[in-house]
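K.L.:
One-letter residues, chain by chain:
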Amino acid sequence: DTGVSQDPRHKITKRGQNVTFRCDPISEHNRLYWYRQTLGQGPEFLTYFQNEAQLEKSRLLSDRFSAERPKGSFSTLEIQRTEQGDSAMYLCASSSRTVQEAFFGQGTRLTVV
Amino acid sequence: AQSVTQLDSQVPVFEEAPVELRCNYSSSVSVYLFWYVQYPNQGLQLLLKYLSGSTLVKGINGFEAEFNKSQTSFHLRKPSVHISDTAEYFCAVSETTGKLIFGQGTTLQVKP
Chain U
266 DTGVSQDPRH
276 KITKRGQNVT
286 FRCDPISEHN
296 RLYWYRQTLG
306 QGPEFLTYFQ
316 NEAQLEKSRL
326 LSDRFSAERP
336 KGSFSTLEIQ
346 RTEQGDSAMY
356 LCASSSRTVQ
366 EAFFGQGTRL
376 TVV
Chain F
343 AQSVTQLDSQ
353 VPVFEEAPVE
363 LRCNYSSSVS
373 VYLFWYVQYP
383 NQGLQLLLKY
393 LSGSTLVKGI
403 NGFEAEFNKS
413 QTSFHLRKPS
423 VHISDTAEYF
433 CAVSETTGKL
443 IFGQGTTLQV
453 KP
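Here the protein sequences come in this chain order: U and F.
In terms of the numbering used here, the first sequence opens at residue 266 and continues consecutively.
In terms of the numbering used here, the second sequence opens at residue 343 and continues consecutively.
Honestly, I wouldn't trust all of these hints.
[Said to hold, decoys possible] Here are a few chain F residues that face chain U, going by a calculated C-beta distance under 8 angstroms:
1) Gly385
2) Leu393
3) Gly445
Hints listed in this document are in silico derivations from the structure and should not be mistaken for laboratory results.
Note that CB positions come from ideal geometry on N, CA and C, so glycine has one too.
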């Protein structure tokens, strides 16, 4: 297992288009998190899964954003009708209940033009 | 609600000099504390963590941090920095779910 994997690494899209990102966590981790990071800021929490259940969503996660984790394995984050303000780095992390440490992927950098 | 304040947005320092990056947190419950490092266009890598026990925590790359409950601080230190330590550093506090609340980050600029 090489760690948390995110795909794609970079995405450029036109305003109004839909985009989907994928995150593959470390295989034995049952917790998965999505964060958003804009330039010069710390990552901000978006949502959290324990296994396949989405247990918490930030107010930052507008109704244009949806996340899933079918079967408690990989996760997808979809943004519908993208806006320029959605341009950011989207980070995925995973952890387990027994190991209080989150491992991060390399992130997906989204640019909305 | 929990929050994290990193007191310095940028810290310039010469190579081989000591450095301290400051972090204060607020929380009404016991917390876990972390320092992460981020290199350009990369994800975050854990430097060190405080969960319980000794208040002096040692991490990777020669970094250490001290948990001070009375001052609600978790400052990061390194006795001698290298050019390769130039990066963005984030202090974070976590809840029992593992969700992380991050500070704004401190840019460490190591000059030759």
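K.L.:
Each hint needs a verdict: does it hold in this structure or not?
P.N.:
Quick rundown of the hints versus the structure:
1. Because the smallest distance between the Cβ of glycine 385/F and any Cβ of chain U comes to about 4 angstroms, under 8 angstroms, the interface hint for this residue holds.
2. Of the supplied interface hints, the one on leucine 393/F holds, with its beta-carbon coming within about 6 angstroms of a beta-carbon of chain U, less than 8 angstroms.
3. The interface hint given for glycine 445/F is met, as the beta carbon of that residue sits about 5 angstroms from the closest beta carbon of chain U, less than 8 angstroms.
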